[in-house]
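Listed here are the chains, written in short residue letters.
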Amino acid sequence: MATASARAVGGKKRVLSPSAKKARSRNLRYGIAFIAPFIVLYLIFVLYPVVQAVQMSFYDWDLLGSTKEFIGLGNYERMLWGVNIAWSMTHMFWVRLGLLVVAVLLLFTPVKSKSITAWRVTGVLALVALAFVLGFHPGENGFWNDPDFWVSLKNTLYFTLISTPIIAGLGLIMALALQGGRRGSRLYQMAFFLPYILPVSVVTLIWSYFLSPNQGLLARMLEPFGVDPISWLANPNTAMTAIIITTVWWTVGFNLVLFAAGLQDVDATLYEAASLDGAGRWRKFVSVTLPGIQHVLLLVMVMQVIASFQVFGQVNIMTGGGPGTKTKVLIQHIYQTGFRDFELGYASAISLFLFALMLVVSVIQMKYLGKDNTK
Amino acid sequence: MRKMKALATTASLAAAAMLLAACGGGTSGAPEGGSPEGNKDLNAAIKAVTADELKGTTITMSRMFGDCEETTQGVTDTAKATSECEAIQILTNKFNAENEFGIKIERLGGSDWNSYYDAFNASIAGGEPADVANLHDYALSDYAKRGQLLSFNPADFGIEMSDATAQAQKSVQYDGSTYAVPFDSHALLWHVNTDILEQAGYMKDGKPVSPTSPEEFLQMAKDVKEKTGKYIMSVGVANDDMLWRTFFTFVAQQGGALLNEDGSANVNSAEAKKALEFINQLIEGEYIHTNADYAGSIDEWKNEKSAILANGTWAVNEYAATSTFGYTVVDFPTVFNQSAAWASSHMWVMPTQKDNDPVQYRAAIEFAKYLYNNTDTWSLATGHFSPRVSVINSDAYLNAPLRSNYTETALKNITFVPQVDNWTAIKSLIHTQLEEVWFNGKAIDAALTEAQSRVEQQTK
Chain S
1 MATASARAVG GKKRVLSPSA KKARSRNLRY GIAFIAPFIV LYLIFVLYPV
51 VQAVQMSFYD WDLLGSTKEF IGLGNYERML WGVNIAWSMT HMFWVRLGLL
101 VVAVLLLFTP VKSKSITAWR VTGVLALVAL AFVLGFHPGE NGFWNDPDFW
151 VSLKNTLYFT LISTPIIAGL GLIMALALQG GRRGSRLYQM AFFLPYILPV
201 SVVTLIWSYF LSPNQGLLAR MLEPFGVDPI SWLANPNTAM TAIIITTVWW
251 TVGFNLVLFA AGLQDVDATL YEAASLDGAG RWRKFVSVTL PGIQHVLLLV
301 MVMQVIASFQ VFGQVNIMTG GGPGTKTKVL IQHIYQTGFR DFELGYASAI
351 SLFLFALMLV VSVIQMKYLG KDNTK
Chain H
1 MRKMKALATT ASLAAAAMLL AACGGGTSGA PEGGSPEGNK DLNAAIKAVT
51 ADELKGTTIT MSRMFGDCEE TTQGVTDTAK ATSECEAIQI LTNKFNAENE
101 FGIKIERLGG SDWNSYYDAF NASIAGGEPA DVANLHDYAL SDYAKRGQLL
151 SFNPADFGIE MSDATAQAQK SVQYDGSTYA VPFDSHALLW HVNTDILEQA
201 GYMKDGKPVS PTSPEEFLQM AKDVKEKTGK YIMSVGVAND DMLWRTFFTF
251 VAQQGGALLN EDGSANVNSA EAKKALEFIN QLIEGEYIHT NADYAGSIDE
301 WKNEKSAILA NGTWAVNEYA ATSTFGYTVV DFPTVFNQSA AWASSHMWVM
351 PTQKDNDPVQ YRAAIEFAKY LYNNTDTWSL ATGHFSPRVS VINSDAYLNA
401 PLRSNYTETA LKNITFVPQV DNWTAIKSLI HTQLEEVWFN GKAIDAALTE
451 AQSRVEQQTK
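As you go down the protein sequences, you meet chains S and H in turn. Counting from 1, one number per residue, gives the positions in the first sequence under this note's numbering. Counting from 1, one number per residue, gives the positions in the second sequence under this note's numbering.
It is worth saying that the hints were derived from the structure and are not from the lab. Predicted, not measured: the structure shown is a model, and the values here were computed from it. Warning: the hint list may mix true and false statements.
[Unchecked claim] For each label pair, taking beta carbons as the anchor points, the in silico distance ranges come out as:
no. : chain 1 : residue 1 : chain 2 : residue 2 : range
1   : H       : Asp175    : S       : Leu73     : 25 to 35 angstroms
2   : H       : Asp355    : S       : Ile173    : 53 to 63 angstroms
3   : H       : Glu456    : S       : Phe93     : 26 to 36 angstroms
[Claimed, not checked] SDA-like mimics (lysine to any residue), calculated; alpha carbons at most 20 angstroms apart, straight line:
no. : chain 1 : residue 1 : chain 2 : residue 2
4   : H       : Lys207    : H       : Ala320
5   : H       : Lys302    : S       : Asn214
6   : H       : Lys442    : S       : Trp150
7   : H       : Lys273    : H       : Glu456
8   : H       : Lys80     : H       : Pro401
9   : H       : Lys460    : H       : Ala425
10  : H       : Lys225    : H       : Ile298
11  : H       : Lys442    : S       : Pro138
12  : H       : Lys460    : S       : Asp60
13  : H       : Lys305    : S       : Val227
14  : H       : Lys80     : H       : Ala400
15  : H       : Lys305    : S       : Gly226
16  : H       : Lys412    : H       : Ala257
17  : H       : Lys460    : S       : Asp62
18  : H       : Lys442    : S       : Asn237
19  : H       : Lys412    : H       : Pro211
20  : H       : Lys305    : S       : Asp228
In this text, a Cβ means the ideal position worked out from N, Cα and C, and glycines have one as well.
Only chain S is shown next, with the shape it has when bound in the complex:
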């Protein structure tokens, strides 16, 4: 807003004095000097491998051999296509119908107000395209080239959809419960945050022991209630639940701390004003707290979704993706393809797919959660 006013008043670029120019140039140099160490490492260890991964995804690139063969889009075809793939209107009908309904709903308001943004058009087109693409499936005697990819994708999406709201929501509820400098709240915050600093190997060891049907504490705790020991990690119906519970315990503390910091920033006078206006606790939460922590909410949701998409360590150690493929996730599939089957080119193609997926989800989140409703 300040920039807009300046433009309106000045109407042209502000002319800087020589000393101001000098100061700006000095600040720029300092700025570059300060971020240079990070940028150098970032370029070498993050951007360069990403560029290399893009290159490798077009090759049949062996992990151990020095041979590599350019195969164009071969890896992508292997990942996304199959033998005798057919398209039908009825495949995943309800899901696709749901996507089309959302697309129509997105168009409803703009059509009514006769103004539509490019973002909205893109979103609607993407939903329609997704509804179309989901109509593909293996036809008679057909199969996907890599069914494990689809299973892993499904499991990853399931894990993300279930774990993200729980971890974010629980973090917020715990932060609210410990809000206002109550006695012992610091201690609780510390206790809840503690698991987050543990490495994945320790976390999974603790939970594997805790959940063990024969030696685990949980089985002993449930015994008096007549509950037979459950093989949490070996049972296809409970394995993913166990992974989610472990992940919640491990990471919820981080969100708790972020939300606790966000809650401290909410102006206390707003609560007072709301009380004077007769607002109850729920009304205060919805109208004061939530808008006040919107930026933290965005940060938590985006980071949590990305972290959930990258779930790997706890799955690899606790269940190995099993029983069967019940908990196999995309990063594990990438890892196995690259390091067990030596197919680094194909593994790169899957990792780039995951990258694109996370990018799309993050942009959507930024677009919808990032709206500033406090104006």
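Chain S is already provided as a structure; the job is to place chain H on it using the hints.
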């Protein structure tokens, strides 16, 4: 407002960093591998290394079998070994203490067998593999064909390969060259709680009565369940290979194989179907169950909830020493028309190094030779079979506790998994379809058809 913008920017940057971090990594290229032709000069140089040159050489070793540093530090008495890990670590300590060249072995890692290969592959891809490493028979060709292992003539270094069993000799070769020194072979066995079988009426003259047909097996399972309320057998299924190995055994017992001689797929066979149908009968009758991983199956059996544990030779000494009930071990029963039991083997290889230092290679070969010369210690301390004929026929081996109970497996039943390129990936394709049957109720015919198609796709 500014604060909010700053936080939103931070969120965007953090998200971008995390996204990019997810995409990158694991991109280091593979080192240049050696070739059998180039090895001739190198082999001559390795052979020419003198005792003086070897003095004080330190080499690195990467192996599976886990970590047991605390119980083996400074121990050189192999009689004190109670597990695979302790046996190999004490053998290593003994070599460090006693070898005439003063060679020192430094161990890199010590993970379980199923995560070992990830670390081993990463070390090769990173150009820094250990000087001596252990592999399974089925993995050898994956590395040998890529020139990642040193080929050598065992006779040049006094390694008496002629004493190895025919299977052991074959298992260390690829394309006519020798790439490894054999260490053992191991097979699937029945570890028995004799107290439960006694109660069920399946002990005769102090020995378990094994079934000789699928019908007898089912009857035995039924009797155990009715008379004792226990499972007939605990078997690792989730995230474990033991039921897969049972399936492999049943196929082999019918004279079948999952791959043809030429390496092509033969998964969708009458033998495979019969084996799966039989396993399904055991599951449906609730004589065995699929809700156990490796550790869970052992816990279950140790807690006396089952009569038998399907596990390998590697656990014989450990169970004999720690079981709190009547324990014995027997051959995995032959329930179809010919004897067979899933088997694999361990061996020692010398990964090719960037600097091709003959002294380092020679030191590694000397250590591998030492381990080959001590397979009697290894097999007596663990339960594995020695790959050496002289050891298998020795009084010490034949008189060792329980060994006579499973000599049939050692001599006749052993059936190695196919030694073909990328067997791990092929096995995974078949195993995935079996798990679809066991966990998701997929029809046997559909599972075998899909497994056949996938293996054909993989091997074409």
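Pairwise hint evaluation, asparagine 237 of chain S against lysine 442 of chain H, where the allowed Cα distance is 20 angstroms at most: With Cα atoms ~16 angstroms apart, lysine 442 of chain H and asparagine 237 of chain S stay inside 20 angstroms; holds.
Between lysine 302 of chain H and asparagine 214 of chain S, is the straight-line Cα distance small enough, at 20 angstroms or below? holds (10 angstroms)
Hey, lysine 460 of chain H versus alanine 425 of chain H, does the alpha-carbon distance stay inside 20 angstroms? Within the cut-off at roughly 13 angstroms; holds.
Between lysine 412 of chain H and proline 211 of chain H, is the straight-line Cα distance small enough, at 20 angstroms or below? holds (18 angstroms)
Using the C-beta atoms of aspartate 175 of chain H and leucine 73 of chain S, is the stated range 25 to 35 angstroms upheld? For aspartate 175 of chain H and leucine 73 of chain S the Cβ distance comes to about 34 angstroms; the hint holds.
Are the Cα positions of lysine 225 of chain H and isoleucine 298 of chain H separated by 20 angstroms at most? holds (19 angstroms)
Aspartate 355 of chain H paired with isoleucine 173 of chain S, Cβ distance criterion 53 to 63 angstroms: holds (59 angstroms)
Take a quick look at whether lysine 80 of chain H and alanine 400 of chain H sit within 20 angstroms of each other, Cα to Cα. holds (15 angstroms)
Given the proposed pairing of lysine 207 of chain H with alanine 320 of chain H, does the C-alpha separation stay at or below 20 angstroms? Status holds; Cα separation ~15 angstroms.
Is it true that the CA of lysine 305 of chain H sits at most 20 angstroms from the CA of glycine 226 of chain S? The hint holds at about 18 angstroms.
Would the pair lysine 442 of chain H and proline 138 of chain S pass a check requiring their Cα atoms to be no farther apart than 20 angstroms? holds (17 angstroms)
Check whether the Cα positions of lysine 305 of chain H and aspartate 228 of chain S lie no farther apart than 20 angstroms. holds (13 angstroms)
In summary, the structure agrees with every hint in the numbered list given earlier.
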